[in-house]
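Listed below, chain by chain, are the residues.
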Amino acid sequence: MSFKITEEFRAKADKLRARYPRPDAALIPLLHELQREAGYVPEEGMDELARLLGLPYSRVKAVVTFYTMFDREPVGKYHLQLCRNISCHMAGAPDLLAHLKRALGIDEGETTKDGLFTLSTVECLGACGSAPVMQVNDGYFEKLDTAKLDALLDDLRHGRVVPGGR
Amino acid sequence: MPKITIDGKTAEVAKGTTVLEAAQQLGVYVPRYCYHPKLPISGNCRMCLVEVEKSPKLLTACSTEAADGMVVRTDTDKVKTARRDVLEYLLINHPLDCPICDQAGECGLQDYYMEYSRAKSRFPNEDKVRRQKRRALGPHLVLDNERCILCTRCVRFCSEVTKTSELEVMGRGDRSYIDLKEGKALDNGYTLNLADICPVGAWTSRDFRFKQRVWFLKKTPTVCLGCATGCLVEAHHNKNTIYRLSPRPNAETNTWLCDRGRMTYKSVSAGDRLVKGIVKNGLIELEPALREAAARLDEARDAAAVLGSPWLSVEDNSALALLARALKTENYSFDFSAEQGIKDGILINKDPAPNTAGARQVKAAAGGLSFSDFAKRAASGRIKLIVAEARAAAALKDELKAGGAALVVFAVNRGEVPEGAQTTLPYASYFETQGTFVNYQGFSRRTRPSVEPPEGVRPLWAMLTSLASYSGLSLGLNSGDDAIRGIKK
Amino acid sequence: MENILLKDNVTGLESYFAAGGYKALKKALAMKPADLIEEVKKSGLRGRGGAGFPTGLKWSFVPKDAEGPRYLVCNADEGEPGTFKDRELILRNPHALIEGMAIAARAIGAGTGYIYIRGEFVAEARALEKAAAEARAKGFIGGNMLGSGSDFELYLHRGAGAYICGEETALLESLEGFKGQPRLKPPFPAVKGLFGGPTVINNVETLASVPAIIDKGGAWYAAIGAGKSTGTKLFCVSGPVNKPGVYELPLGAAFRELLEKTCGGLKPGKKLKAVIPGGSSTPVLTAEEAWAVKLDYESLAAAGSMLGSGGVIVIDESQCMVKLLQVLARFYHHESCGQCTPCREGCGWIEKIMDRLESGKGSPKDIDTLYSVAEGMTGRTICPLADAMAMPVMSFVKKFRSEFEAHAAGKCCPPEAPVKH
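Residue numbers (my numbering), protein chains in the order written: chain P, 3 to 168; chain E, 497 to 985; chain F, 238 to 658.
These are calculated hints, taken from the structure and not from any lab test.
One should not assume that every hint holds.
In the EDC-like style, the derived pairs of lysine to aspartate or glutamate whose C-alpha atoms are separated by at most 16 Å in a straight line are [what the hints assert, rightly or not]:
#1 680(E) x 49(P)
#2 79(P) x 45(P)
#3 636(F) x 525(F)
#4 624(E) x 525(F)
#5 659(E) x 503(E)
#6 17(P) x 35(P)
#7 269(F) x 251(F)
#8 677(E) x 49(P)
#9 422(F) x 622(E)
#10 636(F) x 526(F)
#11 553(E) x 525(F)
#12 480(F) x 35(P)
#13 636(F) x 535(F)
#14 677(E) x 35(P)
#15 707(E) x 598(E)
#16 616(E) x 366(F)
#17 576(E) x 390(F)
#18 17(P) x 603(F)
#19 598(F) x 602(E)
#20 367(F) x 388(F)
#21 574(E) x 612(F)
#22 677(E) x 50(P)
#23 598(F) x 622(E)
#24 553(E) x 624(F)
#25 715(E) x 840(E)
#26 576(E) x 503(E)
#27 648(F) x 612(F)
#28 680(E) x 144(P)
#29 680(E) x 46(P)
#30 677(E) x 116(P)
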């Protein structure tokens with residue numbers, strides 16, 4: 003996909019850059035912004051950001067590939083990110099993962115054919131007290147069990163729950 | 497000045513000296529991979545860990561500044577264990593392909609393994625992390641990410657030396673890999689330095705790959721003649737063939753070497769290498785060629801001229817000056833000038849010729865016409881024959897056309913020979929003979945022969961001596977040094 | 238005693254102000270920076286992010302005569318497994334953090350502050366943005382704080398998914414727009430930190446504790462807690478307990494009290510097997526050790542572990558320690574930045590051994606290798622992530638060796654339904 007930096011994006015970039023004494027400090031905030039607009043971080047987006055900030059492309063790519071929140075490929079409308087770390091594990095995350103795979107008919111890292119859901123596992127989301135936890139786009143869903151998961155998937159499919167982001 | 501003790505040896509070192517540098521001054525070798533004296537400190541390989549008194553943890557010698565009263569040990573069990581461990585970690589994901597790896601014999605992993613480890617691997621081969629294998633990146637290099645130990649020397653070279661920043665470590669953890677933008681070539685003019693500084697076989701030279709096992713190579717220190725910078729280099733050769741040039745790092749001129757300079761050795765055995773003479777485009781044996789040139793010289797005699805060259809050594813220019821003297825002609829010039837200085841901020845000189853300053857030294861001793869007067873005379877038709885080096889003669893193209901003088905030129909490769917040369921004579925390249933060159937900084941440096949010249953081909957001063965003798969003249973030369981001494985008389 | 242940090246109904250500025258909020262800032266702005274640092278030193282407050290370094294001392298490392306801008310950075314990159322206190326604090330009492338930062342900025346002479354919050358905390362970031370806007374509107378932060386002549390610009394900066402950015406120099410790298418790879422020290426951030434300027438980096442909980450200290454005095458704060466572990470601490474309890482969550486207790490509280498009284502004990506039918514007391518990186522305690530331990534820096538160190546971030550992970554008898562260590566190994570392997578050889582290679586190696594052992598395909602030799610790989614990573618890297626992997630490995634193997642041996646003998650747990658060994 004082609005990505006072009008809009009005037010609106012440029013204005014946001016200027017605002018963000020003003021927060022730091024060096025323009026390149028705005029790289030990560032701008033990548034978030036870019037991903038919000040494009041749904042992921044496309045190759046052209048990295049080129050454009052590098053140009054905008056006067057950085058070598060390699061620096062942008064290194065940053066994008068280092069941090070887990072930047073998607074290099076398009077993801078579904080709802081990105082289900084199930085925590086698999088210790089507290090969530092003890093609270094039944096493996097069962098929830100198996101349940102999600104069955105319910106959606108996809109494996110980890112895959113997207114449903116209708117483009118609605120991408121399933122991922124992630125490391126600690128920092129909400130262990132309400133384990134097991136899943137992040138969907140910008141929102142956290144906590145103290146989950148299979149019944150709550152089914153209800154959540156249904157709500158998402160019917161637009162009754164709209165987690166922020168994307 | 498801080499006083500530091502390393503393994504019982506004490507020295508005073510300049511403020512800001514690191515423990516690693518201080519150890520070097522004291523003759524204590526500290527193993528390292530990521531450290532490079534000319535690159536910023538990275539501290540990532542952890543091979544240079546040493547024990548510092550009062551520090552509970554081992555410290556990296558490369559990044560720890562020497563402090564007054566500091567007591568360092570590099571030979572304790574704690575240090576030895578750390579080195580052995582780091583090597584083990586580095587080797588678990590390194591492929592065991594030494595038999596087909598070009599780095600074998602000059603590999604940091606092989607060397608340190610023998611010196612500091614020799615432990616049996618505890619890591620199952622099938623568990624090794626797979627990464628992208630060999631891939632040509634640019635005109636000069638091949639990258640094998642599976643062999644990479646992520647020391648980041650190459651990344652730092654491209655960001656700090658060439659300032660082109662093409663390379664980065666992508667990803668994270670043991671999934672990290674070196675890369676640049678997909679589809680882009682790595683071609684910044686200095687890329688082969690990466691093959692030199694890479695401590696393992698991740699970056700290798702496309703030119704050198706699989707040509708020769710490094711332990712067969714002999715190394716001859718010499719000088720790069722790719723431009724007026726005159727970098728110190730060494731030629732690596734075996735059985736009368738040169739395989740590569742490497743920089744000889746020095747404080748005065750160069751740590752690195754440019755890609756173009758590295759390839760200059762190729763002229764020695766290039767397809768157009770001259771091993772015979774050429775008369776009017778036809779190859780002939782050396783003796784008849786010399787006789788032909790002598791005959792032309794006899795014809796012209798009073799109207800003969802001699803032109804020096806910024807491409808030739810001081811010795812060979814001096815020999816040309818002695819020919820002019822023997823011919824008793826006023827028509828000679830060693831007056832070369834060029835704007836000099838580093839043009840790219842790294843090594844490449846504005847002056848493409850290696851010995852402009854050396855030719856001027858000959859002018860100072862032997863006199864002669866200014867270049868413009870020489871050119872005028874050539875254009876006016878007063879000069880009937882010019883003896884010159886091929887590339888210097890090429891500068892007189894228009895004047896030769898106007899004045900009609902014949903050319904007797906010396907050349908190493910046929911490609912250097914200007915159109916219309918009457919006779920061309922070969923001479924030994926400076927990989928085959930010694931010669932003095934004065935670089936842009938005024939340093940006088942000598943090439944040293946690495947290989948034998950082709951049969952019958954001799955240094956220019958010797959070829960010139962033969963030519964003169966066929967013309968009944970004696971230059972009185974038994975060596976290049978005789979020529980330098982000769983012009984001072 | 239009354240909570241200092243976790244208070245009810247102080248989310249908005251008005252309620253926070255009504256409860257005495259921003260009184261401390263007013264007081265601080267009338268004090269000399271050196272006196273502020275002295276007061277914090279007197280309080281004995283120690284870094285709540287995990288390392289426990291004395292906060293006042295850290296502030297005092299900023300060179301008095303340093304030229305150029307200085308920075309205050311709040312580390313809200315909460316990511317240590319088992320830790321979720323900063324999130325709670327930000328959602329419940331965001332102004333305590335902002336006020337604490339304004340005071341700290343005054344103490345170290347910083348005109349600019351950044352809150353580096355992990356990227357996944359979107360709701361928390363919004364809560365902070367809102368609180369900061371409220372504080373700015375009232376002149377508590379921004380140019381000429383409360384007419385004092387001191388400026389303090391505060392910005393929120395979101396991370397992008399990297400546990401390592403909780404390490405303070407990796408955090409600075411990330412804030413500057415680089416990969417989060419820890420820096421070599423020295424120079425320490427107090428001398429050369431963010432954008433090359435003197436920088437203090439403090440955890441959310443640490444900074445949020447400052448207003449009460451300035452308001453009521455360092456001596457008052459130092460009287461709470463036990464010995465050198467002064468004040469209150471947020472404990473995050475996860476695992477099979479009746480009331481998991483974040484609780485504020487004076488340091489030195491007994492683990493037994495936290496588990497049985499505060500958290501209502503283990504879930505019915507569950508029996509305590511082990512406790513990881515301070516976030517996943519701290520050495521595990523056996524049930525016996527845990528029942529006897531007090532929750533403060535010194536007591537936990539004496540028990541062979543650490544207070545860490547206060548992330549108390551409760552493990553019951555139904556859990557397989559081999560499986561849990563495999564889960565942790567996968568995490569550290571995933572998060573190692575890849576810079577230092579021992580950590581980059583060691584974390585992957587450990588995960589591979591754990592995969593083998595857990596699936597019953599390992600051998601007794603693997604257990605020794607596992608331990609020695611961890612040992613070889615300890616104390617040999619730029620930052621403590623390698624140690625954070627090695628500590629659980631070594632303590633799990635040491636204290637629950639029989640489970641590892643059972644796995645090595647091929648007695649693996651059925652998938653996802655661990656059995657007793």
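Hints and how they fare:
1. 680(E) x 49(P): holds, 13 Å
2. 79(P) x 45(P): Violated. Residue 79(P) to residue 45(P) sits at ~20 Å, over the 16 Å cutoff.
3. 636(F) x 525(F): At roughly 11 Å apart (the allowed maximum being 16 Å), residue 525(F) and residue 636(F) satisfy the hint.
4. 624(E) x 525(F): violated, 40 Å
5. 659(E) x 503(E): violated, 39 Å
6. 17(P) x 35(P): Cα-Cα ~12 Å, so holds.
7. 269(F) x 251(F): violated, 28 Å
8. 677(E) x 49(P): Answer holds: residue 677(E) to residue 49(P) is near 10 Å, not above 16 Å.
9. 422(F) x 622(E): violated, 37 Å
10. 636(F) x 526(F): Between residue 636(F) and residue 526(F) the Cα gap is close to 11 Å, so the pair holds against 16 Å.
11. 553(E) x 525(F): violated, 32 Å
12. 480(F) x 35(P): violated, 38 Å
13. 636(F) x 535(F): violated, 21 Å
14. 677(E) x 35(P): Not OK: residue 677(E) and residue 35(P) at ~22 Å, beyond 16 Å, violated.
15. 707(E) x 598(E): Holds - the C-alpha atoms of residue 598(E) and residue 707(E) are around 9 Å apart, at most 16 Å.
16. 616(E) x 366(F): Violated. Residue 616(E) to residue 366(F) sits at ~56 Å, over the 16 Å cutoff.
17. 576(E) x 390(F): Not OK: residue 576(E) and residue 390(F) at ~50 Å, beyond 16 Å, violated.
18. 17(P) x 603(F): violated, 54 Å
19. 598(F) x 602(E): This hinted pair is violated, its Cα atoms lying about 39 Å apart.
20. 367(F) x 388(F): violated, 20 Å
21. 574(E) x 612(F): holds, 12 Å
22. 677(E) x 50(P): This hinted pair holds, its Cα atoms lying about 13 Å apart.
23. 598(F) x 622(E): holds, 14 Å
24. 553(E) x 624(F): holds, 12 Å
25. 715(E) x 840(E): violated, 29 Å
26. 576(E) x 503(E): The hint holds at about 14 Å.
27. 648(F) x 612(F): violated, 26 Å
28. 680(E) x 144(P): It is violated: about 46 Å lies between the C-alpha atoms, which goes past 16 Å.
29. 680(E) x 46(P): Cα-Cα ~14 Å, so holds.
30. 677(E) x 116(P): Violated: residue 677(E) and residue 116(P) sit about 32 Å apart, past 16 Å.
Of the numbered hints stated above, those contradicted by the structure are hints 2, 4, 5, 7, 9, 11, 12, 13, 14, 16, 17, 18, 19, 20, 25, 27, 28 and 30, listed in ascending order.
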